[in-house]
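One letter stands for each residue in the lines below.
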Amino acid sequence: MSAKADPELSMLCEMAHQFAGGELADTCQENDRFPLAPVFSGVLEKAREVGFFDLTMPEELEGGGMDMVALCLALQTLCRYDASIGGVVFTDALAKEILVASADAAALTDVLSREGDALQSLIAFPSYRDPSEATSLTAVAADGGSYTLIGDIESVVLAGIASTLVLPAAIEGQDGYSFFTIDLSGSGITVSSPVVCLGLRACPAADLSLDGAAARLVGKAGEGAKYFDAAAARMGAAAAAMSLGIMKGSFEEALEYARQRRQGGREIVNWSEVRRILADMAVKTRVADMLVFEAGCAVEEKEKEWEQSSRAASLVVGQMACEMTEDGIQVLGGNGYMEDYGQEKRFRDARQAQTLLGLVPRRKLEYVRRVVDGESEY
Amino acid sequence: MQARGNPALLEREPRFEDITCSLASVPKLPRAVIRETRDVVRDARDFNDRVVKPRALELDSRKREEPDYLPWDFVEEANRRGYYSMCIPKLFGGHGINMPALAYFLEEISSGCSAMSNLIGVHYLGIATLCGSFNLRLMNRLMRDVAEGERTGKPCLISLAITEPGAGTDVEEMDLISRAKVTCHAKRVAGGYLVNGTKIFISNGHLSTWHMVIGYSDLDKPEENTVLMAVKTGDKGFSFGRQEHKMGQKGCPASELIFEDCFVPDENVAIDDEQAKNFKRPIKETNMQLIDYVLSASRAGVGAFGTGVARGAYEEALKFASETEVGGSLLINQEWAQCMLAEMYKNVALARLSYIESNYANGLHGMFKLLQWKPVFYLQKYMPQKMVDAVLAPFCDMKIATTLFRKFYFDMQKTNESQCTSGWASLSKFAATDAGIKNCQMAVEMMGQSGLRHDCRAEKHLRDSKLLQIYEGTNQLNRINLFKNLIGRSVPGAHAFEEGEGTS
Chain A
462 MSAKADPELS MLCEMAHQFA GGELADTCQE NDRFPLAPVF SGVLEKAREV
512 GFFDLTMPEE LEGGGMDMVA LCLALQTLCR YDASIGGVVF TDALAKEILV
562 ASADAAALTD VLSREGDALQ SLIAFPSYRD PSEATSLTAV AADGGSYTLI
612 GDIESVVLAG IASTLVLPAA IEGQDGYSFF TIDLSGSGIT VSSPVVCLGL
662 RACPAADLSL DGAAARLVGK AGEGAKYFDA AAARMGAAAA AMSLGIMKGS
712 FEEALEYARQ RRQGGREIVN WSEVRRILAD MAVKTRVADM LVFEAGCAVE
762 EKEKEWEQSS RAASLVVGQM ACEMTEDGIQ VLGGNGYMED YGQEKRFRDA
812 RQAQTLLGLV PRRKLEYVRR VVDGESEY
Chain B
28 MQARGNPALL EREPRFEDIT CSLASVPKLP RAVIRETRDV VRDARDFNDR
78 VVKPRALELD SRKREEPDYL PWDFVEEANR RGYYSMCIPK LFGGHGINMP
128 ALAYFLEEIS SGCSAMSNLI GVHYLGIATL CGSFNLRLMN RLMRDVAEGE
178 RTGKPCLISL AITEPGAGTD VEEMDLISRA KVTCHAKRVA GGYLVNGTKI
228 FISNGHLSTW HMVIGYSDLD KPEENTVLMA VKTGDKGFSF GRQEHKMGQK
278 GCPASELIFE DCFVPDENVA IDDEQAKNFK RPIKETNMQL IDYVLSASRA
328 GVGAFGTGVA RGAYEEALKF ASETEVGGSL LINQEWAQCM LAEMYKNVAL
378 ARLSYIESNY ANGLHGMFKL LQWKPVFYLQ KYMPQKMVDA VLAPFCDMKI
428 ATTLFRKFYF DMQKTNESQC TSGWASLSKF AATDAGIKNC QMAVEMMGQS
478 GLRHDCRAEK HLRDSKLLQI YEGTNQLNRI NLFKNLIGRS VPGAHAFEEG
528 EGTS
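Chains as they are written, first to last, in the numbering used here: chain A, 462 to 839; chain B, 28 to 531.
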C-alpha cells in the first residue's frame, strides 16, 4: 500500500515498521508457541501505547481518529512481521465496529473508557464466524431490560485474555439475532483452556459456556445481522490487509533465501523455475497491494459499491495469501517446513486469516446474492 | 486395422508401453496378490481404528510440547503387528507380502495420520535403498535383523540418510550432484571407509537401528564416487544431533546424523565404485539407475501418503458437512458443499490411480519385477519358512547371487524401462501430493472456524500434507524428472537439469 503521498500515513507506516522490527521480529516464533509460552502481553501493552488499538475510533473517545486506510496500513505492516498481533488488533477493532454500527453510543463509550492494562481493554469476539451461519447462544430477557445468556460458543477470539465480550445471541421468541456485551469477570461464564489452532496462535481463542451470564443488549433487538454486515463490510479491507502483510513477509524471505541458497552449482534464484515461482509471488503481492489500498480508500470515501469492494478484496487477497505462502515454503524446500524459518508460520497464518469474518464459500455466496437480488452491481 | 504393419506408430509419444502398464501387468499378476492386498487393507483399517486415529492428535500435541519425545510406543505396536517386516521377502525372513500392497496400506494409515504412516513407510525407504544395491549378503543380514526385531519385540528399523545441509535436491539427481556442494566424505581405508560429515532431515533417524548412508569418496566428483553404506546406531563415531522442529508430521522425527571418523567395514558397504566398475554402464549411469530403482518405488509410496492425506481431509469434511447446519440447513444438502466433496473424492481417486499405475510400472520394469514373477511369487509364498532358510537363504551369502541379481537388474534393464518407472513415479509423487494439499485446503475452507481447530483434525492434515510436496525430491524436481524421462527424450535438443546460466 502506498503511504508516500500522505505524511500522516507515512509516519504511521514508519512507526509500525519500527515497532514490529523491534518488538516482533525476534520474538514471533516464541510468541507463536502459545499456550506453551505466555501471552505476549508486554508487546500488546506497547502496541496500545503506540496507538495501534482504537486507531479508527473517534478522537473524542480517546481513539486514534484515523481512517480505514490507516488501519489497513498498520495491519499489513505488523503482519509482515507477525500476523498474530494483527489478529488481536483486528478482532478488537471488529468488535468495536459492531458497536459503532449499532449507534449505541453508551455501549461504545463504556468499552472505550475502561481502565486497565492493554489486555483488559481488549474486546473478545468470535471473529471466524458470521453469526448468521449459526447462532448457538440464547438470550433470555430479565428484569429492567437486561438479559442473561445461555449456551455454548466456540472459538471466541481473545476470550482467554480480554475483559469484555461482544457476542451474538438469539433472543428467546424472536427472529434473527442480537449482539450483547458481557463482562468476563461476571458469574455464569466458563472459559475453556486456549483452543489450539492452525495459525495466529499468539492471538488466542477459547470456548465459552454461558449459564445465565448477565448481558447488555447492543443497539436494537434483532438487528445483529445488520450490524455485523456493516462492520464486516468495513473490516473486509482490514482482513485483506492482514493477508497482504503475510504475503509481503513470505516474498521477502523467499527472495532472500533464493539469493543465498545454492543447488546445482548456482544460487537457486538463477534457476528459471524458481524465478517463475518468485514471479508469481511478486505479481500476486503487487496486485494484492493495489487491491487493499483501493478497498481501504473505497471504504473511507464511501465510494459507490464500497461494501462489495471491501468484501471482494478480503476474499481475493485471502485466497492469494494461501496460495502464495504455499509457494513461500516451497522455495525454501525442507528449511521452509521448519520452525527455524518464518515461512511455515506464514502458511498457517494465511489460512487462519482467510477465515476471519466467516466461512469463505458462504461469504462468496452472500457476495453474489447481493448482486442477484439487485442490492449491488457485480 | 490398416496400420498393423507400422510398429513405429506405437513408439510415438505417448509410447504405448508407457500408457498401458496396468494392461500389461494384470494378466501377469499372481491371483493371490488380490487376496493379500485385501487382507492388508483390512488390517490397516483395524489398526487405524484402534491405534492411529485415537492417538494421532495426542502424539502431535505431545511432540509440540516435548520436541525430543520419541514415539516408541507406536513403533513397538507397529512392530508387534509385523508391519516392519510385512513386505520383506520370505527369503530374507519377512512375511513376503507383495510390495504394491504396501502402498494401499500406507494410504489407509495416512488417512488417519501421515506422521504415523511415515513412521512405518520410511522404514521401507531404507529397505528399498538397501535392496537397490542388490547386495544380497547385506540385504539378507539387515532384513533378518528386522525380522528378529519383530520376534524379540525390539523394533529394528532402517533409515535412509542422503540429504545434507548444503545439498537437498542435488543429491537425488546425478546431473545435479556433479555440481553440488556435498560434504559427507567416505575415505577409503584398509578394510572399509572412514566417514565424516552430517546428514539432516533424516526421517525416523532417532528410531532406526540401521542407517543406509550415502557418502562420497571424492567430494569433487561425487557422481562417480558414491558409496552406499550401512551404519548401525551405537557405532563408534556415529551420533544423533537434534530433531527438527517441523510444522507438521511432528510424530515422525526428522533427525540430524553426525559422523566423526566413523569406520564402516567392507562387509557393511552395500555398493561403491569399486563394486560397480564392471557393470555395463558407466559408474555415473549406474548410480543414477540405483537412485531410480529406489525412488521409483519410494515415490509411489509418497504418492500413497498424498492419497491418504487427501482422503483423510475429505473424510473430515464429509463428517463435518453431515453433522453441521449452516444457514438453517445441513451443509451436506447444499449443492456447493456436495460439489466440493465430489471434487475432493475425485482428487483422492486420481491420486490413487497414479500410485497404482506407478507400481504396475515397477512390477514390469522396476524393483518388484522378480518378486511378482509367478514362479518366484508362489515359491516364496508357499515354501515353508524353514525350507526357505535352509535351502534358499544360504544362496544369498554367495557372491554369485549378488552378481546374478546385479546382472539382471542393472545390466539387463533397458533405458526405456527405467524411463517408464521413473517418469510414472515422479508423476504420482507430485500429482498425489498436490492432491493431498489441495484437499486439505478445501476441507479447512469448507469447515471454516472448525477446520482451523486442532481437535477437528483438518488443520493437522493440512500441516502434515505440506511436507509431502518437499521430501523425496521437491515437486519441482519431480516435474523436471518427468520431463526428462517421458517428454524430453523425444524432443531433439531438449535436456533436463542443464539450464543455461542466462536462461533466467
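Quick caveat, the hints were computed from the structure, so don't treat them as lab data. Certain hints may be false.
To be verified - Partial pick of chain A residues on the chain B-facing surface, computed with a CB cut under 8 angstroms: (1) S574; (2) E594; (3) Q724; (4) G725; (5) E728; (6) L826; (7) Y828.
Here a beta-carbon is modelled for each residue, glycine too, at the ideal position from N, C-alpha and C.
So, going through the hints one by one against the coordinates:
Checking S574 of chain A against chain B by beta carbon gives a least distance of about 31 angstroms; that is not within 8 angstroms, so the hint is violated. At a threshold of 8 angstroms, the smallest CB-CB gap from E594 of chain A to chain B is about 5 angstroms, leaving the interface hint in force. For Q724 of chain A, the interface hint holds, the least distance from its beta-carbon to any beta-carbon of chain B being 5 angstroms, beneath 8 angstroms. With 8 angstroms as the threshold, the beta carbon of G725 of chain A comes within range of chain B, its nearest partner Cβ sitting at about 5 angstroms, so the hint holds.
The beta carbon of E728 of chain A is not positioned within 8 angstroms of any beta carbon in chain B (closest approach about 10 angstroms), and the interface hint is therefore violated. Taken as an interface hint, L826 of chain A checks out: its beta carbon lies about 7 angstroms from the nearest beta carbon of chain B, inside 8 angstroms. Below 8 angstroms, beta-carbon pairs count as interface contacts, and Y828 of chain A has none with chain B, the closest being about 13 angstroms; its hint is therefore violated.
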